[in-house]
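Residue strings, one per chain:
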Amino acid sequence: MTEALIDAVDVVKRLGRGAGEVQAVKGVSLSLNGGELVLLMGPSGSGKTTLLSIMGCLMTPTDGIVRLRGRSTAGAGPEDLAKLRRDHIGFVFQSYHLFPTLNAEDNVRLALDVRGQRSRRARTAARESLAMVGLSHKTKAFPIELSGGEQQRVAIARAIVGNASAILADEPTGALDTENGQAIMTLLAEIAKDRSRGVLVVTHDPRILPFANRVVHVEDGRIVREEPGEPSKEQRVRIS
Amino acid sequence: MSLMFRLASRNLFHDRLRFVATIVGIVFSIVLVTVQMGLYVGFGRMVTTMIDHAPADLWVMPHSTKCFEDPSLMDDRQRFRALAVDGVVEAAPLVIGFAQWRLPGGGTTPVFIVGSELRGLGLRPWDLVAGSVDDLSIPGAVAIDQSYFERLGTSGIGANAEIRDQKVQVTAVTKGIRSFTTTPFAFTGIDRARAYTGVSPDKASYFLVRVAPDSNVESVRRRLQANLSDVEVLTTTEFRNRSRSFWLFGTGAGAALFAGALLGVIVGTVIVAQTLYSSTKDHLDEFATLRAIGSSGRYIYMVIIWQALLSAIIGFCGAAAIGAIVVRMTAESALPIVVTPALTAGLLALTVVMCVASAIAAIAKVMRIDPAMVFTR
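Protein chains in written order, with my numbering: chain A, 1 to 240; chain B, 1001 to 1377.
Since no wrong hints were added, every one of them can be taken at face value.
Here's a subset of chain A near chain B, in silico, CB distances under 7 Å, partners left out:
id	residue
1	Ser53
2	Met59
3	Phe99
4	Asp113
5	Asp170
It is worth saying that the hints were derived from the structure and are not from the lab. What you are looking at is a predicted structure, and each value in this text was computed from that prediction instead of being measured. Even for Gly, the Cβ is constructed at its ideal location relative to N, Cα and C.
Whole structure, please, built from the sequences with the hints as guidance.
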């Protein structure tokens, strides 16, 4: 493992106002390092998605510091945060969030388009990303023509095409059957083998524990336990 | 094709029913504006058609004349004073006025007499399709427009009628000289015009003035104004503007046309704004995803503006096609809708501005997007 890609220090997040105010994250410190796949586990409402949003620069913390590749995000406005996301972070969502009117290649290319990369090379990069997730034969397929597993692969291709150093995934296997879920985790684990990249996965699916280098348990807005993972080589071989 | 444009077009065409509603709204709005503005242009041209066809550099007229059809009179002595002014080459009388045309089958109908010298400087009929200006020198000769044959109970050249108990014969026929008041014009010589309108021989409605080629029109105008009393001296452009201003704004006709056009713009803006807003709302998840994957606010606004521009262009094309049909259908009517290239360009610009302005509500909605919502949907 190498440098911290994302570093959250004493992060607090309060949501809502007045009587409805809730402290979703209560002084959490967590790092995502290059070359590791970290699982963020906990029951529903424990604050893990809020923590993921803060580490992904989708939300700003009420208190505490978030550093992205050593640079603090404090004081960054919405446009600054958007730039940090497009430069450093790739997202994978439980419900994929693909654009139904665009084919797989264009869905992936969109991540480059928002970065201002619109040349022929962007198209080639999108195809290469799709090839990396095993979908080189489905570049022209629209989301509706793809299975759930294939859609999630397209989403992963979109997350990695811009060479994002941190891939943040929210329940990436939540809508998939076991076989597809394992395949998706294998892909994410492969990405995390690259020492310049890290993968942070929010889940409460215990079946993906074997893929983790580190497992962080969150309850009631706090980290209650952190343990090293035990990536199961045998299982990866069996699945692939 | 740019991905931003592709996303915009797919968003737009995705819900076909809504897209059709948007386009119908734009077409309706722009056709309404086209008709109103085309009427405005047509009306503006029609009210000055006589001024436009008189080959005068300056017009001498009774003080406070509002428009060409204002039948005030001046003494003929003013004409001689005008001729004495340095730089004036010619000053010719023009007599206008309403008269009653007795129909062959009984009854009368009003006509607007335009009488001038048949040689030299004068306002004579143009676009003749039968007869000639020389034919107006026959006693009792008049020229009328073929579109008024039925109204005047005539069948063309050689037809007889009466004005003020005096015999009238149609000796020339024009095409397309129509009056916005719907009262037919009857061109004749200056003496007959005086007789038909009851104007004494020493009076005239206007004096048309021609300025020497080496003289400055404005200088001559000032000299005339200084030397003549109780009259106004206007250049052709000034008189044209005064006439147009009176009919378009003095009567409220122009305001009514503008109000109609404004209504069209408001209706169009509301329809496009509503559909763009609901389209944006339907694609909120996608815009949030765009934001989450790092798109700038500008990128998202451009997607929405592309949608608006696409709607504008498609809507304008539909409106232009319908507008062309309407223009053709009204070409021979009493008040034709006139669409000039400048008006077409203006309507295109208006459509674009209207659609882009309509995008503001949708953009305001997108500006409030919380990208973190992608985790809760």
